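Q: Each chain is listed here by its residues.
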Amino acid sequence: MGEAFALALGLVLSGDPDLAEIVLLSLRVSLTATILACLIGLPIGALVAIGRFRGRGTVLIVMNALMGLPPVVVGLLVYLHLSRSGPLGFLGLLYTPTAMIIAQTILIAPIVAALSRQVLEDLHSEYAEQFRSLCLTRWQTVQALLWDARYSLLTVGLAGFGRAVAEVGAVIIVGGNIDHLTRVMTTAIALETSKGDLALALALGIILLVIALGVNAAVQSVRMTAARQAYV
Amino acid sequence: MSDAMAMSTANAAAGAQRSPILPLSVRDLVLRFGDAAVLDGVSFDLGTSGCTMIMGPNGSGKSLLLKLLHGLMQPTEGQILWGRHAAADVTARQALVFQKPVLLRRSVAANIDFVLQARGKDRARRDALLDHVGLAHKADQPARLLSGGEAQRLALARALATDPEVMFLDEPTASLDPASVLAIERIVSEARDRGVRILFVTHDMGQSRRMADDVVFLHRGRVAEHSPAAEFFPEPRCAAAREHLNGGIVV
Ligand SMILES: Nc1ncnc2c1ncn2[C@@H]1O[C@H](COP(=O)(O)OP(=O)(O)O)[C@@H](O)[C@H]1O
Ligand SMILES: [Mg+2]
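Chain order of the listed sequences is A and B.
Each residue of the first sequence is one higher than the one before, starting from 887 at the first, in our numbering.
Each residue of the second sequence is one higher than the one before, starting from 923 at the first, in our numbering.
Rather than coming from a laboratory, the hints here were simulated on the basis of the structure.
Bear in mind the structure is a predicted one, so any value in this text is a computation, not a measurement.
Glycine is no exception: its CB is placed at the ideal position from the N, C-alpha and C atoms.
Mixed in with the good hints, there may be bad ones.
Examples of chain A residues toward chain B, derived with CB under 7 Å [stated by the list, open to error]: (1) Gln1016; (2) Arg1018; (3) Cys1021; (4) Trp1025; (5) Gln1026; (6) Gln1029; (7) Leu1032; (8) Asp1034; (9) Gln1115; (10) Ala1116.
To give an idea of the chain B side of the interface with chain A (calculated C-beta under 7 Å), a few residues [stated by the list, open to error]: (11) Ala1010; (12) Ala1014; (13) Leu1038.
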């Protein structure tokens, strides 16, 4: 065990190319999925936050329920669509990073939508009367809310990224954990552990941990700076 | 300051082509929540210029009256006519300064920029507006770290940025120190002198004396008295206002 740990540290410090490839693919897939999920989830969250339309209550329930989507189920559904015989099989996306991005986006878009809805609705209840007095359009209202909630929304994005980068069930189904193609940190850790190669698994585990903690710490410090200016 | 003034004058000229929103006529205004009538037959008329102080005990419906007049709420019954317009149609030609200013999570300057841009006004007026309310030196500071008096002055600058023809103030100086109170009264008086019609809610008799051209006293959901300042302060006609003036407790 101690030996495995020493080997792992060696791998990390030597900048092993295979290791780097896996880490970079992980980051590329999860960051892209986070950005896409924000592009989809933020407008939906904003719409539901300030909109007063019929069926809003139902949308809220569905949105919150979707937050708890089990990754393997999402993986399975995406697999069924992208497989040769599936409706989108002709795109040839199965077992590619794109398929993994799609699965993670589906997984975290509801999280971004539901959390941002809460953030924006709270802010809107503070601003609504002042904004109506200023006769702002709906679009101006949404823009102002998104900007003024920017630091809270950063945390929302982080929650999405955290879930994406740590997720294994969906990406292993649609990505297939193919070496040099779709192998990411979590799938590699699962595989190497089952093969008994604890050094590589541990090395990846350390990096995953550092990324998760590092991103969290960075966002926290940005938020604290913002809080000192009362911008949160 | 001269820039801001020039713009307001230009805007007033443009406004002259629009149908005027003064005088104001309020008839038999009723506002009910369930069975409870907060306003129960409020009627009064206001002329085209000056500063009207709206007074009355806590819970007499002063804040709600302002929101009705500003078109932010609909009355249960009754009629509000700004010139020939309904309240909801002239909100953009008025500004409301709330008791507790709601400031954006941005710098002082950005709070003004936002309104100038949203309302299609000249962004170059920002510095003059900040200078006018004595906040030029705070332009780059976070708005929500301002003191109570500074925050309210920023809210006033933001209101003035929209070139309002009517400005509502809802106890803007409650819980401020005397220097801040006077600074805000000076800004409001200058707006009044430039022709902005002021409707000012206050609890403070001294403030009312300093600012009033006329006084509307609300009591038990009605206008208990509406008199010119020269008549109201020496001897209010209604008993509730007399007690209020003498520092008594009015229920
Ligand atoms: N949404 C509401 N539902 C029920 N009662 C309300 C509501 N808003 C205000 N009120 C009541 O109306 C009364 C007048 O409120 P307000 O206009 O704020 O009084 P003032 O500004 O004169 O102190 C208060 O008694 C308040 O409790
Ligand atoms: Mg009030």
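Q: Taking the earlier hints as the rules, which of them does this structure contradict?
A: 4, 6, 7, 11, 13
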